[in-house]
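**Q** Given the coordinates of chain A, work out where chain B should sit on it, guided by the hints.
There are 2 protein chains.
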Amino acid sequence: MPQLRLALAQVNPVVGDLDGNAALVLQWAHRAHEAGATLIAFPEMVLTGYPVEDLVFRETFAAASKAALRDLAAALAAEGLGDVPTIVGYLDADGPVQPGAGSESDGGPRNAAALLAGGEMVATYYKHHLPNYGVFDEDRYFVPGSSLSVVRVGGVDVATVICEDLWQSGGPLAVAHEAGVGLVIVINGSPYELNKDDARLELAQRRAAEAGATLAYVNMVGGQDELVFDGDSLVVTADGTLLARAPQFAEHLLVLDLDLPAASSGLTGPAGELTVSRVTLSESAAPVPEPARLGEIADRVVDEAEVWSALVTGLGDYVRKNGFSSVVLGLSGGIDSAVCAALAVDALGAQNVYGVSMPSGYSSEHSKSDAADLAERTGLHYRTVAIAPMVDAFLSNLKLTGLAEENLQARVRGVILMGLSNEEGHLVLTTGNKSEYAVGYSTLYGDSVGGFAPIKDVRKTLVWQLARWRNADAAARGETPPIPEASITKPPSAELRPGQVDSDSLPDYEMLDAILTLYVDADRGRADVLAAGYEADTVDRVLRLVDHAEYKRRQSAPGTKISLKAFGRDRRLPITNRWRETH
Amino acid sequence: MPQLRLALAQVNPVVGDLDGNAALVLQWAHRAHEAGATLIAFPEMVLTGYPVEDLVFRETFAAASKAALRDLAAALAAEGLGDVPTIVGYLDADGPVQPGAGSESDGGPRNAAALLAGGEMVATYYKHHLPNYGVFDEDRYFVPGSSLSVVRVGGVDVATVICEDLWQSGGPLAVAHEAGVGLVIVINGSPYELNKDDARLELAQRRAAEAGATLAYVNMVGGQDELVFDGDSLVVTADGTLLARAPQFAEHLLVLDLDLPAASSGLTGPAGELTVSRVTLSESAAPVPEPARLGEIADRVVDEAEVWSALVTGLGDYVRKNGFSSVVLGLSGGIDSAVCAALAVDALGAQNVYGVSMPSGYSSEHSKSDAADLAERTGLHYRTVAIAPMVDAFLSNLKLTGLAEENLQARVRGVILMGLSNEEGHLVLTTGNKSEYAVGYSTLYGDSVGGFAPIKDVRKTLVWQLARWRNADAAARGETPPIPEASITKPPSAELRPGQVDSDSLPDYEMLDAILTLYVDADRGRADVLAAGYEADTVDRVLRLVDHAEYKRRQSAPGTKISLKAFGRDRRLPITNRWRETH
Numbered sequence: 023m024p025q026l027r028l029a030l031a032q033v034n035p036v037v038g039d040l041d042g043n044a045a046l047v048l049q050w051a052h053r054a055h056e057a058g059a060t061l062i063a064f065p066e067m068v069l070t071g072y073p074v075e076d077l078v079f080r081e082t083f084a085a086a087s088k089a090a091l092r093d094l095a096a097a098l099a100a101e102g103l104g105d106v107p108t109i110v111g112y113l114d115a116d117g118p119v120q121p122g123a124g125s126e127s128d129g130g131p132r133n134a135a136a137l138l139a140g141g142e143m144v145a146t147y148y149k150h151h152l153p154n155y156g157v158f159d160e161d162r163y164f165v166p167g168s169s170l171s172v173v174r175v176g177g178v179d180v181a182t183v184i185c186e187d188l189w190q191s192g193g194p195l196a197v198a199h200e201a202g203v204g205l206v207i208v209i210n211g212s213p214y215e216l217n218k219d220d221a222r223l224e225l226a227q228r229r230a231a232e233a234g235a236t237l238a239y240v241n242m243v244g245g246q247d248e249l250v251f252d253g254d255s256l257v258v259t260a261d262g263t264l265l266a267r268a269p270q271f272a273e274h275l276l277v278l279d280l281d282l283p284a285a286s287s288g289l290t291g292p293a294g295e296l297t298v299s300r301v302t303l304s305e306s307a308a309p310v311p312e313p314a315r316l317g318e319i320a321d322r323v324v325d326e327a328e329v330w331s332a333l334v335t336g337l338g339d340y341v342r343k344n345g346f347s348s349v350v351l352g353l354s355g356g357i358d359s360a361v362c363a364a365l366a367v368d369a370l371g372a373q374n375v376y377g378v379s380m381p382s383g384y385s386s387e388h389s390k391s392d393a394a395d396l397a398e399r400t401g402l403h404y405r406t407v408a409i410a411p412m413v414d415a416f417l418s419n420l421k422l423t424g425l426a427e428e429n430l431q432a433r434v435r436g437v438i439l440m441g442l443s444n445e446e447g448h449l450v451l452t453t454g455n456k457s458e459y460a461v462g463y464s465t466l467y468g469d470s471v472g473g474f475a476p477i478k479d480v481r482k483t484l485v486w487q488l489a490r491w492r493n494a495d496a497a498a499r500g501e502t503p504p505i506p507e508a509s510i511t512k513p514p515s516a517e518l519r520p521g522q523v524d525s526d527s528l529p530d531y532e533m534l535d536a537i538l539t540l541y542v543d544a545d546r547g548r549a550d551v552l553a554a555g556y557e558a559d560t561v562d563r564v565l566r567l568v569d570h571a572e573y574k575r576r577q578s579a580p581g582t583k584i585s586l587k588a589f590g591r592d593r594r595l596p597i598t599n600r601w602r603e604t605h
Numbered sequence: 023m024p025q026l027r028l029a030l031a032q033v034n035p036v037v038g039d040l041d042g043n044a045a046l047v048l049q050w051a052h053r054a055h056e057a058g059a060t061l062i063a064f065p066e067m068v069l070t071g072y073p074v075e076d077l078v079f080r081e082t083f084a085a086a087s088k089a090a091l092r093d094l095a096a097a098l099a100a101e102g103l104g105d106v107p108t109i110v111g112y113l114d115a116d117g118p119v120q121p122g123a124g125s126e127s128d129g130g131p132r133n134a135a136a137l138l139a140g141g142e143m144v145a146t147y148y149k150h151h152l153p154n155y156g157v158f159d160e161d162r163y164f165v166p167g168s169s170l171s172v173v174r175v176g177g178v179d180v181a182t183v184i185c186e187d188l189w190q191s192g193g194p195l196a197v198a199h200e201a202g203v204g205l206v207i208v209i210n211g212s213p214y215e216l217n218k219d220d221a222r223l224e225l226a227q228r229r230a231a232e233a234g235a236t237l238a239y240v241n242m243v244g245g246q247d248e249l250v251f252d253g254d255s256l257v258v259t260a261d262g263t264l265l266a267r268a269p270q271f272a273e274h275l276l277v278l279d280l281d282l283p284a285a286s287s288g289l290t291g292p293a294g295e296l297t298v299s300r301v302t303l304s305e306s307a308a309p310v311p312e313p314a315r316l317g318e319i320a321d322r323v324v325d326e327a328e329v330w331s332a333l334v335t336g337l338g339d340y341v342r343k344n345g346f347s348s349v350v351l352g353l354s355g356g357i358d359s360a361v362c363a364a365l366a367v368d369a370l371g372a373q374n375v376y377g378v379s380m381p382s383g384y385s386s387e388h389s390k391s392d393a394a395d396l397a398e399r400t401g402l403h404y405r406t407v408a409i410a411p412m413v414d415a416f417l418s419n420l421k422l423t424g425l426a427e428e429n430l431q432a433r434v435r436g437v438i439l440m441g442l443s444n445e446e447g448h449l450v451l452t453t454g455n456k457s458e459y460a461v462g463y464s465t466l467y468g469d470s471v472g473g474f475a476p477i478k479d480v481r482k483t484l485v486w487q488l489a490r491w492r493n494a495d496a497a498a499r500g501e502t503p504p505i506p507e508a509s510i511t512k513p514p515s516a517e518l519r520p521g522q523v524d525s526d527s528l529p530d531y532e533m534l535d536a537i538l539t540l541y542v543d544a545d546r547g548r549a550d551v552l553a554a555g556y557e558a559d560t561v562d563r564v565l566r567l568v569d570h571a572e573y574k575r576r577q578s579a580p581g582t583k584i585s586l587k588a589f590g591r592d593r594r595l596p597i598t599n600r601w602r603e604t605h
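Here the protein sequences line up with chains A and B, keeping their order. Residue 54 in our numbering sits at position 32 of the first sequence, with consecutive numbering throughout. Residue 153 in our numbering sits at position 131 of the second sequence, with consecutive numbering throughout.
Hint data in this document are derived by calculation from the structure and do not stem from the laboratory. Hints are not guaranteed to be accurate.
No copy labels: a pair is met if it fits in one copy or bridges any two.
Said to hold, decoys possible - Cross-link-like lysine to aspartate or glutamate pairs, in silico, EDC-like; alpha carbons within 20 Å at most: (1) 218 / 321; (2) 421 / 445; (3) 390 / 507; (4) 421 / 446; (5) 587 / 81; (6) 587 / 76; (7) 88 / 39.
Chain A on its own, in the form it takes in the complex (with noise of 0.2 Å):
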């Protein structure tokens, strides 16, 4: 039986960064030949970040794209790397780029893969089946293809595919079958969201049986704008045993050694939707250097350290890839913003964190002590800046009374925190979770100011859950817990005006975020809340607020998706819109 031995880079490209990629693929094959392997794969895209969105239609890119995968190809083999195959993703285009322009026969716009080797691209593969639901909308931008490449390295017969084709049924994993492959390379840029690693494997055995054929999936990790990909590179056999597994969220190289069926003559030609293509690298595979590479499987995290670690990288990524060091934010002394600033500082480090208490008549006592801890439990930089001379000058000039008060004091804290970002070059960070970004439970250009929203996407139960579990797991690990337990257990409150509780004008959080999550995450209509057994006034109110809430989330930072549908791109509402569930 052959014996291959995969490397699977699990690396975290930028988008549009081509040269920044390929020094990254140059590095990472390094590494991989230095650990014996005799073929290597990197994920959907790699060359160009993913997703480049409408940077497809730009000619120059797509001629860049191309023009670095050549010169990828000669680098590999000018460092001694050519004898190893090596499949990398990019963006294809031969063609007009412009949209509606492209088809398959013009050689439009292509999600492609290239297998390297000797300084050659020796096959290529168009993605098959194109995502154009949730945040993808590949539709737009790509053509698919058609054709099936089966390369025979080391005398197994190897076909890669590219992710959507993973997801969906039939296509080139059963054409895969039909060819008759021993290994099947899935190349990706899957998003993280809450679950998916389960489903991830489950899927992977599946297909790997359907394909017959070992499958080695190969995801990129990272930050980018909303999106956050969590690698989880596994390798499964066609009987659906895992063989190898990498961490979420930290690049890896997962390495280990394969034995495959020998290639036999096999179908070339039409099969199913596709065509097969067939391309010759090597008859007979080189031996795999000592000592045997068994693959490891890195263990499976809680779900609340799984989430803070697709935080910690969205929200890192993000500062970084866009050219900040450090970030600023307001500490109000309540959970949102202690545990944003917590995250913060797992991401860049407290010397990088400049925290901000902007307190006003209406501040508790507790608020400013509060936030004066979780500075000192997280060692971040703080000052304070009293708002009421501010607020004071507006309100002798303008009569503002009632909300446009409360607002007010919101909108002077933004400014505030703007005018340091730009003084001291700061991002600022804005601190709303999901349930507040649902019920438009914030002031527009007041608290919602900010390049980034570290827990958009994360449901006020949830943002509680997270600051028990991360205080714990510091405390197990001999640590400072980051956030003062006062933070987590006082009625959340805007202080806005004297005694106010979030309470006055939301349900509590446990109901609300359940009714959010049938209504938002879900899509279900009124009736299907009620059935879940809230009551009638309490849904009504919610839903009614989250429809009125879409003019200031259209105006929102991004900020992290982990769940199955976060605001922004994952859902795609009128603000001009009547339909109501109630009536």
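**A** Relative to chain A, chain B alone:
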């Protein structure tokens, strides 16, 4: 030759307002009946409004659309209109509406047209070509139809198709030809773009020739978030003769008598990509009442008038459809705020427009006098709030210098406008133009605050052109030109520091707009911009500014699209993006 009196109802529905839209259809069906119509057509998805975006995935909404259609059919009959076949666009779904769940066989969501008569749905057609480019995401929402319904109405074979079906060659129109239909009705939700009306007429003529039939095109009017629909309904014969054409940006009933070929037995069953099905409603035409209706051909207007109407409609409908009746905006004395104010006055009446002059120590005398002059010319509400006390309060409590201090002034103005909005209930208008959005020449949460951006898609040079046209048009009608001449002729300045003018940091606007048209609107790369004759330093500076401002645009208010590529859903670029045309 049978004769039909066709009525095309160019109406203005509201997204989500099923009851209101059904009432609108009934009202205009009555008018058509009074005009003696024997066939009536309404626009694409008139019953739901268009585009409904992710409302498609709400099962309750899809069910309500179908129920509203049944009720409408019954109401038409009950009100004595059952004899006049009426074509109505709606959202159809028999099965699951969740993303990815739909397929034709399981009744997934469809963009549908029903022919209603005698209280029944006589025939349905499902949109075959789904646009998934530019502002459109229809592959996300709809299952394509694969059947063409031919309905015999008054002895004429009539086929109905929907919008994109007209823009693609082949498909339903080719099949209509094979089926030998005498009249093709195209129902549309086709957003306005400058010069699209010219393309539309030529296209209708070409497709009428392909179908070998008279072609009637009915489009909606009105604003929906970023989109504005211009109507421009028209009828052309197979030989390209324009028989009738409605005005743009106004609700209108276009009525005309058509002599059409008598139906003969034609194709049924598979034809090209579709299947033809046939229904006979009436074998002979009811006589049309005297006098004959020859149709009218509305005059085309100059481009400036067309764009002005688009902007007035987009702004007015955004305000009204979102439940506001008044707007507030800052008046700087400059051209952008003057044009926005004039648009608002045209859209809502001067009594509903509140202008605020917010001078600083850097504001010139002419800024204040030009703003006051504008107020006097238009009759809008006018007040002055000096910003110095608030700016000083911040500067006394925070160290802010340079750009941070400049931005502070803009943000204090933003807080004032938002305060007035909260206190008095006006929607805030933000007055940035497309050139500014492109290069990020604005202060985030400062002059960018607002619920709607009337000239977001109008480049600066076109802003001036519109102002000159609007003034000249007023003068020609013996009215007071609304825009102070000084606002048009003086050099543009943000007035955030002494003596500042835009040309300190930007190329002159003629050149800037020319570069932006290539880089943004046409997605050309650096080499193409250089080839157009611009200096490398200037080009590189502009391209860098555009790339860097993506984060600001992401948080910007919606504004009316008038160009081929507007900022918003038309142009989807990552914020985290290291691709630079210049290295």
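**Q** For residue 421 vs residue 445, is the C-alpha pair at or below 20 Å within one copy, between two copies, both, or neither?
**A** between (30 Å within a copy, 8 Å between copies)
**Q** How would you classify residue 390 and residue 507 at a CA-CA limit of 20 Å: within, between, both, or neither?
**A** within (14 Å within a copy, 54 Å between copies)
**Q** As a check of your reading, is residue 421 near residue 446 (CA-CA no more than 20 Å) within one copy, between copies, both or neither?
**A** This pair counts as between: shortest inter-copy Cα distance 10 Å, intra-copy 33 Å.
**Q** How do residue 587 and residue 76 come out at 20 Å by Cα distance, when the copy is not named: within, between, both, or neither?
**A** between (22 Å within a copy, 12 Å between copies)
**Q** If the cut is 20 Å between Cα atoms, do residue 88 and residue 39 qualify within a copy, between copies, both or neither?
**A** Only inside one copy: residue 88 and residue 39 sit 13 Å apart there, 49 Å across copies, limit 20 Å.
**Q** Is it within, between, both or neither when you check residue 218 against residue 321 at 20 Å Cα-Cα?
**A** This pair counts as within: shortest intra-copy Cα distance 16 Å, inter-copy 58 Å.
**Q** Given a CA cutoff of 20 Å, do residue 587 and residue 81 count as a within-copy pair, a between-copy pair, both, or neither?
**A** between (32 Å within a copy, 16 Å between copies)
Figure legend: structure checked against the earlier numbered hints; every hint is met.
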